[in-house]
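Colleague: All chains, please: the whole structure from these sequences, using the hints.
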Amino acid sequence: MIAYSANHPVGDFIRANLPAPLAALANGALSVVVLMVLVVVVAILLVWLERKVCARFQARLGPTRVGPFGLLQPIADSLKLLLKENIKPRAVDTLAYFLAPLLPITGSFLVLAVMPFDHNLQVADPQAGMVYIAAVSGMGILGILIGGWGSNNKYSLLGSMRAGAQLFSYELSMVLCMLLVVMASGTGSLREIVLSQQGTVRDWWIFKLPGAGALAFVLYLISSTAELNRGPLDLSEAESELAGGFHTEYSGMGFSMFFLAEFVNMFASAGLGATFFLGGFLAPQFGIGPLDHILAFIPGFIWFFAKTGALIFMYMWFRWTFPRLRIDHLLSLEWKFLLPVSMANLLLAATLVTLGWILP
Amino acid sequence: MGLTQDNSLPIPPAGSLNPAGSLNAVDWVVGWARANSLWPLVFGTSCCAIEMMATGASHHDWARFGLEVARASPRQADLIILAGTIVEKMGSRLVTLYEQMPGPKYVIAMGACTISGGPFYYDSYSVIKGADRIVPIDVYIPGCPPRPEALLYGIMQLQALIRKGAWRKSLTHQPLNTSPIRDVYSDCSKAWEIKEKAKQESMKEAQERFKAENPDFKGVVIKRVAAPKFDEVARVPKPARGMPPAEIFSALQARFPAVAVHGNADVTQEKWAALGPEYVLDLAVSREDYHGVVEFLRNEPALKLDFLIEITAVDWKDHFDVIVHLQSLDHGHKVFLRCNLPHETHPEIPTLMDLFASANWHERETYDFFGIIFVGHPDLRRLFLDDDFPGHPLRKDFEDPTRVVKRPY
Amino acid sequence: MTLSRLFHDTLSMLKGMKVTILYLTRPSRVVTQQYPENRETLKFPERFRGQVVMPHDEKGEHTCTACTLCEKACPNGTISILTTKNIASKRVLGEFIYRFSTCTLCNLCIEACPFDAIRMGHGFEMAAYKRDELDYVLNKKEGR
Amino acid sequence: MSESMPQGPIQPAPISAAPAVSRTGAPDAVKKSGSLPPGFTLRDVRPDGSHEYFLNMGPQHPSTHGVLKLVVRLDGETVLETVPHLGFIHRAIEKMGENETFIQYMHLTDRMDYLSSHINNLCVCLAIEKAMNIGVPERGEYIRVIVCELQRIQSHLLWWGAFGMDMGAVSAFLYGFIEREKITQLFEELCGARLTMNYFRPGGSNADLPEGFIGKVKTLCEEMKFSLDEFDVLVSQNPIIRERTVGVGLLSKERAISNGCTGPVARASGVNYDVRRNDGYSIYDRFQFDVPLGANGDSFDRYRVRMDEMRQSVRILEQAAAGIPEGQYRSKEKPNYKVPAGSYFAAVETARGLYGTYLVSDNSFKPYRVKSRSPGFSNLSAIDEITRGGKIADLVTVLSTLDLIIPDIDR
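Protein chains in written order, with the numbering used here: chain R, 89 to 448; chain V, 131 to 539; chain S, 368 to 511; chain E, 62 to 472.
If you're looking for bench data, these hints aren't it; they were derived computationally from the structure.
Because the structure is a prediction, the values reported are computed rather than measured.
All the pointers check out, no bait thrown in.
Here are the in silico distance ranges between beta carbons for each label pair: (1) V:P310 / E:R303: 56 to 62 Å; (2) V:G462 / E:T139: 37 to 43 Å; (3) E:K286 / S:Y503: 42 to 48 Å; (4) V:V199 / R:P214: 36 to 42 Å; (5) R:L383 / S:L370: 35 to 41 Å; (6) S:K439 / V:K294: 41 to 47 Å; (7) R:D416 / E:K286: 34 to 40 Å; (8) R:M271 / S:I388: 32 to 38 Å.
Cβ-to-Cβ under 10 Å is the rule here; a few derived chain R residues that face chain V: (9) A143; (10) P151; (11) T152; (12) V154; (13) P162; (14) Y338; (15) F343.
All C-beta atoms in this analysis are idealised placements derived from N, C-alpha and C, irrespective of residue type, glycine included.
Modeller: Laid out in structure tokens, this is it:
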């Protein structure tokens with residue numbers, strides 16, 4: 089563990105010249121701005137990646153004419169959405185209609201605040217990190233419910249009611265899977281969770297608890313797909329049934345906020361998956377000397393982004409392969425299958441931990 | 131910059147951003163963004179929609195142009211590709227959709243039907259003759275249906291238009307085509323005759339001079355290209371399946387003496403043979419035992435005509451013929467019935483809904499087109515046309531100059 | 368959900384995922400023909416119906432004798448044969464009006480023409496900004 | 062709730078056997094105080110009728126495959142009653158048929174059911190041939206069988222893609238179109254058009270097969286077998302599809318016959334009737350092919366019947382491509398087809414069911430009256446009984462397994 093020095097020339101210069109109370113905030117403000125910029129750029133990149141990967145899955149090319157390999161396509165999309173006419177339908181509940189798009193984005197940004205990108209590349213490291221994440225990710229659900237009800241449209245009402253039922257129920261099994269890792273690693277803080285997975289690849293939580301870790305990872309994948317309204321479980325904006333789902337009445341900036349929130353949320357869930365189960369920013373060590381040395385040479389956040397990218401690819405793979413579930417299958421999948429299995433999994437992991445059978 | 135009354139963006143006068151009216155950097159970037167991110171509305175009424183789907187599919191892939199996200203809700207779409215015929219009843223819905231779309235919005239008229247009514251220009255009482263009568267159109271793509279490459283070329287033309295700043299035009303309410311529906315074919319030849327008459331006067335003496343100078347002038351004879359010759363092929367009649375018509379008729383004759391074979395009243399043995407193996411029994415039935423005959427044909431185990439192919443009517447100017455086609459799925463034979471009705475405004479005939487559930491829509495369609503009332507039908511309303519459609523269109527005496535252009539030849 | 372059914376379901380879902388990943392991992396399976404880029408090599412089958420054209424020989428002459436058979440065969444009133452009398456007062460073709468906005472490319476006019484004066488061309492880039500740009504006059508010179 | 066029934070022009074007599082049958086209403090369904098929107102008949106399930114609401118799956122909706130409007134009476138997600146509204150693409154083709162010659166009317170039948178345009182043309186040709194006693198040479202018959210079976214496979218491929226898209230598997234739509242494009246290019250070589258063909262004429266077709274066509278058909282049959290197996294892996298064996306279609310939208314055999322359903326919809330309910338085999342037009346009796354039947358008429362049976370039908374069509378294609386003789390492809394071409402007075406009916410099996418053409422002629426060049434019996438028309442009329450009690454997702458499933466083409470219904 090190399091001790092990183094906490095002071096930094098730019099940071100020291102700012103702290104020196106600012107009055108005392110502001111200086112304390114400087115560090116936080118700087119990191120929040122960097123995080124926001126990073127995440128928006130990553131979201132724009134994800135929009136492009138989604139369209140290219142979806143095209144390759146369907147044996148076609150995807151955007152190619154807008155900039156090299158179509159890289160400027162998401163920028164053109166967001167700029168156009170920015171400049172659209174801002175329609176406020178007459179029968180709309182103004183407060184609910186305009187407040188709703190803000191919530192999902194803030195929800196996913198708050199989750200990213202505690203994401204450990206690298207050893208100390210982290211905005212904040214609260215001791216009860218996992219509890220904070222479970223609380224904050226409820227904000228997205230709120231936004232969809234308010235938006236659906238506020239736009240006074242039967243399709244969006246149906247979409248938001250479905251979203252409400254789906255997101256609340258899948259929150260349970262997602263939290264249970266995270267709880268398993270927290271219990272096994274003994275700490276709530278995400279940074280310690282990652283550090284608890286140090287050592288070889290077998291020390292990652294996905295492999296450490298024999299069977300329980302891998303099952304928790306699979307359950308996490310399923311429930312986070314439902315949290316994101318993506319893939320086979322995208323019932324709240326079911327394209328072919330509800331025409332537009334909860335964001336039917338949104339145009340221009342309102343719609344692009346929902347659109348962006350979906351991708352920021354995807355990055356956040358994939359990041360959480362990597363942090364809890366795949367050893368966050370730790371390089372994979374296989375016990376072979378020279379290979380480990382080379383792998384450790386690559387800095388931590390590269391590993392973090394690689395693992396997150398792999399998970400994001402899994403989400404896209406699910407979305408472009410599977411048909412959509414029906415609402416009652418979706419809920420019975422959660423209540424009758426995921427919840428009992430994740431509880432039993434928690435119990436199994438608890439016995440393993442107490443009896444000390446964690447793999448060496 | 132207050133919003134205009136229908137809260138759309140304020141309309142900047144042309145060239146307001148820069149007096150020269152040419153594009154400056156901001157215009158260029160805005161035009162580039164709007165041109166490259168056209169999200170089409172999921173809107174397809176008939177055959178052109180299949181070619182639009184083929185353009186969206188992997189072979190032609192309009193996602194390369196940034197059109198991948200086809201939105202189902204008009205709020206998020208900024209381009210309507212009118213793929214398919216626009217009919218009067220659909221016209222009002224199309225205008226609502228167009229008004230629900232925000233900000234700079236564009237319309238592509240794809241296919242002959244949306245440009246001018248295409249094949250349905252003449253003799254159709256319900257087709258809108260050209261979609262630019264109800265919605266301002268930016269690009270017309272001819273063809274029926276146009277190839278995917280033609281649609282892509284049309285989209286590229288629209289993108290070029292947007293890059294040149296046409297998005298400013300689409301914020302204003304452009305004028306629609308309000309010219310009356312006229313017979314383009316005859317007007318074109320009439321106009322030519324007038325021009326031709328004047329031209330012939332001016333050429334008259336030149337023609338006499340030419341005839342005087344070389345009386346025996348033989349013009350160029352263009353040879354007729356011989357069409358390929360095929361020789362006659364005898365038709366192999368397919369034997370009708372199931373019970374021969376003679377037996378069906380005799381079984382019916384016992385129960386309903388008044389029923390006669392259409393066309394030849396007294397039918398003898400050799401008459402049946404003369405009608406040929408493919409002849410399907412065609413009965414003429416009076417209104418009284420119309421329901422009884424159909425019920426008998428359906429419930430009789432030997433006949434078992436349990437499948438109603440269709441109910442329709444023919445207007446013979448002095449009387450109506452209600453036509454019923456029945457078929458037996460097990461035995462395979464068919465029976466055609468026709469019932470003669472007087473030529474009133476609303477002739478009446480009993481319904482067949484208690485025998486066949488499919489009679490429900492067939493009878494409503496016949497009422498919609500001919501005005502024939504089916505007594506006992508629980509919900510006899512128009513099926514295809516709006517309730518305020520004047521008259522019943524398939525009657526021979528139906529005239530509606532505001533909607534129909536008669537084809538002159 | 369019984370265990371065996373759970374196993375079979377997961378197996379068939381994985382096989383479904385294998386089908387899609389094989390499309391992703393094999394760029395050779397991409398079938399897109401990039402229209403504007405492949406414009407030179409783009410070739411349509413010989414019988415493709417793009418629009419009705421009147422072939423002219425090198426002297427600019429066409430073989431239409433204004434017999435109006437194609438005009439009668441057209442179901443949509445697309446073709447207008449406007450005849451005139453030439454210098455030898457023989458009735459010849461003045462203008463062959465072809466309203467492409469109502470043409471449905473049904474090939475009936477080509478079959479009706481006894482002189483093979485018109486045939487189907489391979490044009491497809493005919494999108495226009497204004498509706499009356501779609502009315503063409505097919506013959507360059509008066510008939511013979 | 063007031064007992065006021067919608068005010069049709071006459072008072073309705075009580076009907077005994079048929080269940081509460083669905084009707085179509087005209088204007089948008091706005092639940093006015095007390096009166097039901099037009100077309101709805103069920104007494105209010107709840108006395109105060111508070112929890113019900115009427116959803117307009119309007120003419121522009123991703124899953125209605127065109128411009129069909131369904132007014133759905135919902136209790137939460139459960140569908141209580143469905144009333145389809147038609148007429149949004151009614152183009153008066155039958156009225157136009159009375160002012161056009163027989164051949165000109167044939168080019169309009171392409172635009173009715175544009176996914177079986179060859180087979181529709183064939184139906185009009187059969188009617189004219191029966192009326193004017195025109196024979197078809199051997200090669201012409203083989204060309205007709207090959208082209209119609211290619212058209213059937215092409216139509217089922219688009220149905221399969223649209224079914225996948227409605228279920229949420231968007232990639233299936235694209236895969237269906239990749240295979241469909243191969244057949245579209247074959248048709249481009251054959252008759253020059255991609256969708257509205259106008260290729261058949263009474264007595265044969267208007268041009269011979271281009272050379273190399275039979276070879277391409279044979280290679281297509283091989284590729285089709287491979288891709289059909291791939292489609293099965295991707296969608297047919299998918300447990301999510303199984304859960305969403307098995308037992309959804311049950312249509313019993315009696316109700317199918319009574320509702321006039323034909324084609325794969327009826328065969329899925331056990332109605333053993335296929336116009337190609339039972340009525341025997343053209344030369345289908347020379348080829349061995351079996352007609353797939355479903356057991357209990359739910360959405361999965363309709364799906365399974367169509368997938369098997371594609372395989373049977375490939376089988377017919379192979380036999381026809383192997384046995385096609387040389388010789389003339391059409392009989393003597395008459396200058397103009399003047400049908401003798403009388404009424405003639407011909408029926409064919411399109412991809413959706415029994416398509417019939419009823420020509421009434423008064424001995425002139427133009428038909429006196431033309432009626433085309435559309436298969437989708439009766440298949441759709443059974444939708445209210447099928448989707449009762451299901452969810453909205455089931456309504457979408459049933460709509461896509463009925464394989465509707467709305468211009469074919471509205472004509």
